[in-house]
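Let chain A serve as the given structure and place chain B with the ligands on it in line with the hints.
Protein sequences, first through last, are from chains A and B. Using the numbering used here, the letters of the first sequence correspond one by one to residues 825 to 1106. Using the numbering used here, the letters of the second sequence correspond one by one to residues 111 to 441.
Wrong hints could be hidden among the right ones.
[Claimed, not checked] Below, a sample of chain B positions facing chain A; criterion: calculated Cβ distance under 10 Å:
#1 I189
#2 L191
#3 A196
#4 H216
#5 G242
#6 D255
#7 F268
#8 V372
[Said to hold, decoys possible] In silico lysine-lysine, DSS-like type, Cα no more than 25 Å apart, as pairs:
#9 K860/A <-> K224/B
#10 K930/A <-> K1106/A
#11 K930/A <-> K860/A
#12 K860/A <-> K244/B
#13 K326/B <-> K353/B
#14 K1106/A <-> K116/B
#15 K333/B <-> K353/B
#16 K1102/A <-> K860/A
#17 K860/A <-> K219/B
#18 K373/B <-> K326/B
#19 K244/B <-> K930/A
No lab work stands behind these hints, which were simulated from the structure alone. Note that the structure is predicted; figures quoted are calculated from it, not measured. Glycine residues also receive a C-beta, built at the ideal position from the N, C-alpha and C atoms.
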Amino acid sequence: MSTLTSQSAKESTAPRPRFGWLITDSISVSRRHLLKITRVPESLFFALIQPVMFVLLFAFVFGGAIDVGPGGAQAYREYLIPGILAQTVMFAVAGITVGITEDASKGIMDRFRSLPMRPGAVLTGHTLASLLQNILVIAILSITGLAVGWRIHNGFSDAALAYLMFASFAYAITWVGAWIGLHMPNSEVAGTAGLAWIFPFTFASNIFTPVATMPTWLQPFVLWNPVSCLALAARKLFGNPTPLLGDSFPERYPVQLSFAYCFLLLAIFAPLAVRAFKTRNK
Amino acid sequence: MTLAIKASGLAKAYGDVIALNGIDIEVEQGTVLGLLGPNGSGKTTTVRILATLLQADSGTASVGGFDVVTQPDEVRSVIGLTGQYAAVDEYLTGRENLELFGRLFHLSKFDAAKRATELLDRFDLSDAADRGIKGYSGGMRRRLDLAASLIGRPNVLFLDEPTTGLDPRSRQGMWAVIEDLIAEGTTVLLTTQYLEEADQLANRIVVLDHGNVIAKGTSNELKSQVGGDRIEIVVESAGDVAKAADLIQEFGSAPATTEEVVKTVLLPVAGGSTAIVNIVRKLDENKIAIADIALRRPTLDDVFLSLTGHATEVDEVAAPAKGRRGRKARS
Ligand SMILES: Nc1ncnc2c1ncn2[C@@H]1O[C@H](COP(=O)(O)OP(=O)(O)OP(=O)(O)O)[C@@H](O)[C@H]1O
Ligand SMILES: [Mg+2]
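In isolation and in its complexed conformation, chain A is listed as follows:
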């Protein structure tokens, strides 16, 4: 081995637009995270077990006490599943917060930073891998839903739109988690902080109970809460029960509003996270 350093590095580094490299680099990084999931399959297992437990608990234990209109327990199960899907997408964010904090405090970040890769790819790769994991969880959860009696009543295109909406929201919201993760001193703090802000959004929502059952002063928050919008939009698209409070804007245009939220989250938090990443430890 004689000429390990004699050739210039540049001959293999063909010129390519920055955006092109962002995509290839992101794929490389996300591959790293997917490999990691296969090495620690427990992480995926527990990511699945929690929402499945919620489905079973609410469908069979608490569900009977919650009234979502005619149809009784069966109607509640149909009401429940889109809500659980929205909740799952939210809780997955805590995972990426911890992952990012952990990564950022490790030596490998120095390696990434010293390579001529696009710096943003460290985050886009991570969020993409998290999206793929999310899609898998959503699929398994949907099957669980079908098993307990949830049904899709509207056509294929509405259902596809609903899933596209979940995937978009899942991707957009992970950037919030990434941004938070980049400000956390260590993974213990990231574990608590990453979860803390999620609770009000998931529980002050229409995921488990209709808005009408909430205190009046809280209802505006619940109505505009992106998680409620997402669940309501999905219920509409799937043709599941949608007990409405009135005809406020979020109840009339939940699908449009959900996509708008996706766009807003991405437009605000992706640049913030990339900036935080670039300046962390500088």
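Relative to the frame of chain A, chain B with the ligands by itself:
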């Protein structure tokens, strides 16, 4: 004569702690600079600034002709960095790590795989290539880390304490690898706490203390400032001390000093091991019994003692565990 690394007036503070207090560094293309200093002297900070990981508060630096602040991408495409702590993904295998970094260096899939195999081979990691890093020993991790920093065939290589924490055999192995790289013409900036290591690998040495450059020069220049090698002879009877000192003076590079209480003669010498042979012979001819004889090379402590008047102890209070480890390995 081109400069591969040029830094002037680099300063960096962390709150109240001044990590770097305006230092200048120049490394010629194809040479090796040893950055020597005790814990907390600013070695890592310097490396991180030059490798674009950290922004200096003031001062300028260029690596490979590119400015570290305004042309970070260009700098990154010509450097390799082996940090103080292994920068690899512990969930992946050695091969997966190298392939990942190859891809991120924008090698094609094929080239990245080929390069990974090549480097694993070179660093004796082929057998462990497809095992997770978790099961690697410290030495193996270090080697993988060095391999990772060579992915892009860097012209300039930063090595931050490459052998700290390695056993003597692994250290020798690491030195051999680094020497190969140097022979191939790579410019290297190496930080170390061991004078011996800088001596072995570096053309020039810069000594840092509390963020200041307190000395620079070749290892010989530094050693002559410190006093060079000394031979320490302990004789059997105290009465022989003065006589022994007289007899062996001809082999010394400076006057011998004696300490009768401990029956010891200290003789500064130029050619260490030949001098030992001559001294033993001479004393034997004159029937002076030797209890112990040893060649003492100047240590980092000696350098510090002579340059600053204080030993490295100060910093070991702040970082006791690490300081002790460094000390043991040195003796
Ligand atoms: N992130 C940080 N925050 C606060 N202080 C820091 C930070 N990094 C380094 N320092 C301080 O800056 C000074 C120089 O640190 P640096 O890591 O450059 O030293 P070093 O020579 O590499 O030491 P060592 O031999 O222990 O690796 C030290 O006093 C250290 O405490
Ligand atoms: Mg250091």
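Checked hints:
For I189/B, the shortest C-beta to C-beta distance to chain A is roughly 7 Å, which falls under 10 Å, so the interface hint holds. Interface hint at L191/B: satisfied, since its Cβ lies 4 Å from the closest Cβ of chain A, which is below the 10 Å cut-off. Residue-level restraint check for A196/B holds (minimum Cβ-Cβ distance to chain A is 6 Å; threshold 10 Å). With a cut of 10 Å, the hint placing H216/B at the interface with chain A holds, because the nearest CB-to-CB distance is about 5 Å.
Satisfaction of the interface hint for G242/B is found here, the shortest Cβ-Cβ separation to chain A being roughly 7 Å, below the 10 Å cut-off. The criterion of a C-beta within 10 Å of any C-beta in chain A is met by D255/B, whose closest approach is roughly 8 Å, and the hint holds. At a threshold of 10 Å, the smallest CB-CB gap from F268/B to chain A is about 8 Å, leaving the interface hint in force. Annotation: interface hint on V372/B violated; nearest CB of chain A at approximately 47 Å, more than 10 Å.
Taken as a hint, the K860/A and K224/B pair is honoured in the structure, with Cα atoms around 23 Å apart against an allowance of 25 Å. With a C-alpha separation of about 15 Å, the suggested pair K930/A and K1106/A falls inside the 25 Å cut-off, and the hint holds. The straight-line distance between the Cα atoms of K930/A and K860/A is roughly 15 Å, inside the 25 Å bound, and the hint therefore holds. For the suggested pair K860/A and K244/B, the alpha carbons sit about 12 Å apart, so the restraint of at most 25 Å is met.
Only pairs whose Cα atoms come within 25 Å are accepted, and K326/B paired with K353/B is rejected, the gap being roughly 39 Å. About 20 Å separates the Cα atoms of K1106/A and K116/B, which keeps this hinted pair within 25 Å; it holds. Distance check on the hinted pair: K333/B and K353/B sit about 28 Å apart at the alpha-carbon level, beyond 25 Å; violated. Between K1102/A and K860/A, the direct Cα distance comes to roughly 24 Å. Compliance with the 25 Å bound is thereby established for this hinted pair.
With a C-alpha separation of about 20 Å, the suggested pairing of K860/A with K219/B holds against the 25 Å cut-off. For the suggested pair K373/B and K326/B, the alpha carbons sit about 36 Å apart, so the restraint of at most 25 Å is broken. With a C-alpha separation of about 14 Å, the suggested pair K244/B and K930/A falls inside the 25 Å cut-off, and the hint holds.
In this structure, the hints that do not hold are numbers 8, 13, 15, 18, in rising order.
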